[in-house]
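S.K.: Now for the letters of each chain:
2 protein chains.
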Amino acid sequence: MMILSRIRFILSGYLVLLCIATQSQASVLEDIAKKRGLTASDMRAALMTYTPSGKHDPYLMFASGGHAGSVLVIGLPSMRLIKTIPVFSPDSWQGWGTGSLDSKRILDGGGKALRWGDLHHPALSETNGVYDGQFLFVNDKANARVAVIDLRDFSTKQILQNPLFVNDHGGTFVTPNTEYIIETSQYNVPLGARYAPMTDYKKKYRGVVTFWKFDRAQGKINLSQSFSIELPPYWQDIVDLGKKVSDGYLFINSINTELASPDNMNQKPQLEMAVSRNDMDFLHVIDWKKAEKVAKSAGTQKTAGMKLITLKQAIQEKLLYFIHEPKSPHGVDVSPDGNYIVVSGKLDPHVTVFEFNKLKNAIAQNLVQGKDEYGVPILKFDSVLAAQIEVGLGPLHTQFDKQGYAYTSLFLDSAIAKWSLGEPYHKGNAAWKLLDKVSVHYNIGHLSCVEGDTAEPGEGYCVSLNKWAIDRFPNVGPLLPQNFQLVSTTGSEKMQVLYDMPIPNAEPHYAQIVKAERLKPWSVYPLGMSAETMKPSPVATLAGKERIVRKGNTVDVYMTTIRSHLTPDLINVKKGDLVRIHLSSIERALDATHGFAISRYNINVSLEPGKVETVEFKADQSGVFPYYCTEFCSALHLEMTGYLVVQ
Amino acid sequence: MMILSRIRFILSGYLVLLCIATQSQASVLEDIAKKRGLTASDMRAALMTYTPSGKHDPYLMFASGGHAGSVLVIGLPSMRLIKTIPVFSPDSWQGWGTGSLDSKRILDGGGKALRWGDLHHPALSETNGVYDGQFLFVNDKANARVAVIDLRDFSTKQILQNPLFVNDHGGTFVTPNTEYIIETSQYNVPLGARYAPMTDYKKKYRGVVTFWKFDRAQGKINLSQSFSIELPPYWQDIVDLGKKVSDGYLFINSINTELASPDNMNQKPQLEMAVSRNDMDFLHVIDWKKAEKVAKSAGTQKTAGMKLITLKQAIQEKLLYFIHEPKSPHGVDVSPDGNYIVVSGKLDPHVTVFEFNKLKNAIAQNLVQGKDEYGVPILKFDSVLAAQIEVGLGPLHTQFDKQGYAYTSLFLDSAIAKWSLGEPYHKGNAAWKLLDKVSVHYNIGHLSCVEGDTAEPGEGYCVSLNKWAIDRFPNVGPLLPQNFQLVSTTGSEKMQVLYDMPIPNAEPHYAQIVKAERLKPWSVYPLGMSAETMKPSPVATLAGKERIVRKGNTVDVYMTTIRSHLTPDLINVKKGDLVRIHLSSIERALDATHGFAISRYNINVSLEPGKVETVEFKADQSGVFPYYCTEFCSALHLEMTGYLVVQ
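If you're matching them up, the sequences are chains A and B in order. Count the first sequence with this note's numbering and you get residues 1 to 647, in order. Count the second sequence with this note's numbering and you get residues 648 to 1294, in order.
Hint data in this document are derived by calculation from the structure and do not stem from the laboratory. All C-beta atoms in this analysis are idealised placements derived from N, C-alpha and C, irrespective of residue type, glycine included. It is possible that part of the hints are untrue.
Label pairs and their in silico Cβ distance ranges [unchecked claim]:
#1 A:V549 to B:H703: 52 to 62 Å
#2 B:D1267 to A:R105: 51 to 61 Å
#3 A:R194 to B:E1263: 22 to 32 Å
#4 A:P536 to B:D847: 33 to 43 Å
#5 A:R547 to B:H703: 54 to 64 Å
#6 B:N1219 to A:P269: 12 to 22 Å
#7 B:N824 to A:K55: 44 to 54 Å
#8 B:D1118 to A:K494: 49 to 59 Å
#9 A:R105 to B:E1263: 24 to 34 Å
#10 A:K494 to B:E1263: 45 to 55 Å
#11 B:D862 to A:K220: 52 to 62 Å
#12 B:D1118 to A:N128: 30 to 40 Å
#13 B:M920 to A:P536: 25 to 35 Å
#14 B:G1199 to A:E317: 43 to 53 Å
For lysine-lysine, the following BS3-like pairs were computed, each having C-alpha atoms within a straight-line distance of at most 30 Å [claimed, not checked]:
#15 B:K1221 to A:K202
#16 A:K618 to B:K759
#17 A:K293 to A:K358
#18 A:K360 to A:K312
#19 A:K618 to B:K1265
#20 A:K380 to A:K289
#21 A:K34 to B:K702
Derived coverage of chain B by chain A (criterion: at least 3 residues anywhere in the stretch with Cβ under 8 Å from a Cβ of chain A; other residues may be distant) [what the hints assert, rightly or not]:
#22 1115-1124
#23 1251-1258
Can you make the complete structure from the sequences, with help from the hints?
M.R.: Encoded structure:
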């Protein structure tokens, strides 16, 4: 088309006009390009990734923050960080865990002493297998915790600790209608985190998969309706849920089917070798809808306060099957139609694809090839295999697009492989073909494509979550950022790296990219809201109702904040008093956020318009302590202050 | 290419070839531009701000993190966050305050209980008034603390609490050769933070300016050689140091010369009104080189452990003068040649410029117009005035470029004003002229231009540190990011907003932009280094020397970390033991960072290549607790684990 239109222009005599028109525009670009040493593809990339001042990104990426304990919200394609959501670790900017009683209650829900987490796999809530933009769930690998984030205000509402194990990696993943949030144990311990010597590893240590029941109306997980299934003490890893044809099924892959345990100071081999001996590990196949029924039956007892289906029960009830999968797998990913289950052993250059219809048939006809040493039946590999495609070294994780293409991250190759699925997406020779590879920089872990793990994927972009940056950015000392690379994946075009985004405040493991239009966040809180309950706060205060109430040694201060003063601006107390300050923002204007800090009392909270927060402390230092607004709010922000006087 | 040769064949001629060449490149751009609705200036902006994959930014911006308690390091012109430096608040990703004994010692240096801060004004170390790239200093407004960051590894080395006051805003600023780091009190309290009722405000509350002595060889502040000067209890604000002709002088502006104190629940007026009554406040002029001599003399006593020059002494010794300045000023900024002192009252539409040569003369000839109520002489306004330029509403802060242009942020106008300095930069009618204004989005506080507060400024870019984003980014809930806007300021061109960068994890107040080439950061630590001392660690361990040493109830573990195992990978202890794990990274490869976490024990540290860290805890929970590498380091990262078994 371009050729023809170009020639038509030329021959029809508009040449000069055209030249002038484009020249005036292009020359600017070329000057800059020359000055900055940009190529045409650089320029293209610049335009592709640039969002003009004030224009909004059409996509949002929710990326885990790893051991920062937070979630990053990034706009696509501009690759700009728009929000951080503190979850397991304090964030003094948002007043998370730094004085707010609400945030303290939520953090303590996951264990009183714990004030950091290793956040791995975010999962957006789904309806019919598609993101519905209501909630985000995350896990804490370090402490086997799960958390619920409400996307009305992008803040954490609940943290729960798993009573059966202490370390997870497979978490969190949701069933297609968010009935359950899935979490699996990884570095296994005895059930209930009890003591047992390492020599008893095979006998007393166990794996577990937990089904956390989510109550959408309450926006909270319901512990009493949650249940778990006991598994062999392999290292259970990533999970995916069946959808459409495979709805009702759950897939977990595993490492260390060797059942290796540590002791490298006493001649035991290094774990990374000991757990990589077998050529094949076990993909776990679980009928979770059947398991749900079993869990509700009288036969299922509680362990450490959680309904637990024993391994024996699971086998007897035919809830659990294994399939051999190439050694040391990472990702297990179900295709949009639910019929293909893609696994990749990171020490095998292939992706291995199982077909659900074959799998169901194999279970129905009991096509098994023996059992593992805990008695779990192993389905015949050939009876469930759809295809194996050689994609390159270190395949980890696969995402999909709307045209039936799959994208697999290759850790050792530092590349992304694009390949085609089989029927109904691609037929005959067009199916199961490696089509393209693009280099990324460097050491890609997961990758994330537009709604690429849902029943209705998008297209256009994938983000390469690279673990190492090495030479990509200026030297800023021995600790380097991670590197997110935006990759264009439109239709049949060759993939192209468009942009590098350094991530220097987190270590994202997994991310999900959602169409921004699916979200309906609040702009401001309704007046007098508690962010913990998302309901009106009992201690909310209105203008003119501010007061200081003393009962014995307890002083309750009902304070309002509005540009540009705090009322009251003077609080006189006695040393030893318990002071509770109930802060109400009575602002209604978008972005009119205040902070509240007290000098030397280790307290800071964030007060978005309409929000209510309570801070509580013992006045154990005598003296004079200014308090003030910490969020620059107006021309008279510096004047928004007051004094706590402790006699 | 086919297009080009085809057309070249049809027609020939230089213009045509040029046209085609341009055309072929521009057409790609135009297609994309059309698709994305970009204008030519959008495209230009895209190219200006885009840094191609792998190309390094020529400038680094160090931006304060506000109540996040951290520093942001941003590359220019790409406006990408390359590093965050935790200072006053914990950062679990970097293991800052989450288990590392070194970081705990440094944090405790600023007060045991304090685990957050409000970081306001970064100051790079200088040699002859120019950034030397060695150190960065920052302050904590909430708790009157200062910190030292070493730019070899971009990490915090020292935190100190001011013994005389509890809240600062004017901090930190350095003398032209970094002899001293300056900190001033803001919301004032009685000297030494003692108790006195609010009714004694005028009599017993005091302002203070502290001169922290910096020992460059040690890379630490030396408390015993530091000193302070007592000031009236106005709210001292921003500071700048004289340079070149004005070297040896210090300028502080102030608010609340009304001496207003709070009590708005008892009919007292709101503070923001009470402290804005006077038309003029006081610019403080201090001869710091003379003060240094006085501080060393026998006559100067210590208060709360700090050498303190009393207000009486300061007046007697002629160390301190006032100059009237327009009400409620924010910035005071000295021109590159040191001769002009620019102040702007945020409730006055002018910038007011004083001239140092006139000021020196006024002091020499004692041209005073009375004294304030504490006896400080006030220099005659007209005798020191150089110019007043009307720039717009809410002028806050001014920066300079190499051509003698000044850039002033206008909070109420949401704009930046560009104006010309007087001789020697601009003469006659060209001097003291408002030249250009550009709108920013929204509510600009400080602005930062390339080395724009030094004796040798650069040119090309300023960054507008906007406090509100409002409509600039997709809605992500009631808490919005700040918005940094990159503005082109080249020569006499009109200023242009090039790029919006959301800041959703901090609230920057001030920033400095330095040429990246001035910094010489380490790529990896020398083997066996303590990051706290930047010297070899006494507990460093080499491969093969790993061991577990029990003495009574204390267990010392000497552990190494290298891809992909931890040695030892099994630690057996008894409940109640004190466990100290001394971790040595024996990696030498750039970017080969490991983390170390223990499940349920609230511990995570970061181990860059060569670094040594110690974690210490009481084994107060019995059971089995995995420990593992938290920083994705290799294909076998998941296998890099071990177990703490507590019997």
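S.K.: Going back to the hint list, which numbers does this structure go against?
M.R.: 2, 8
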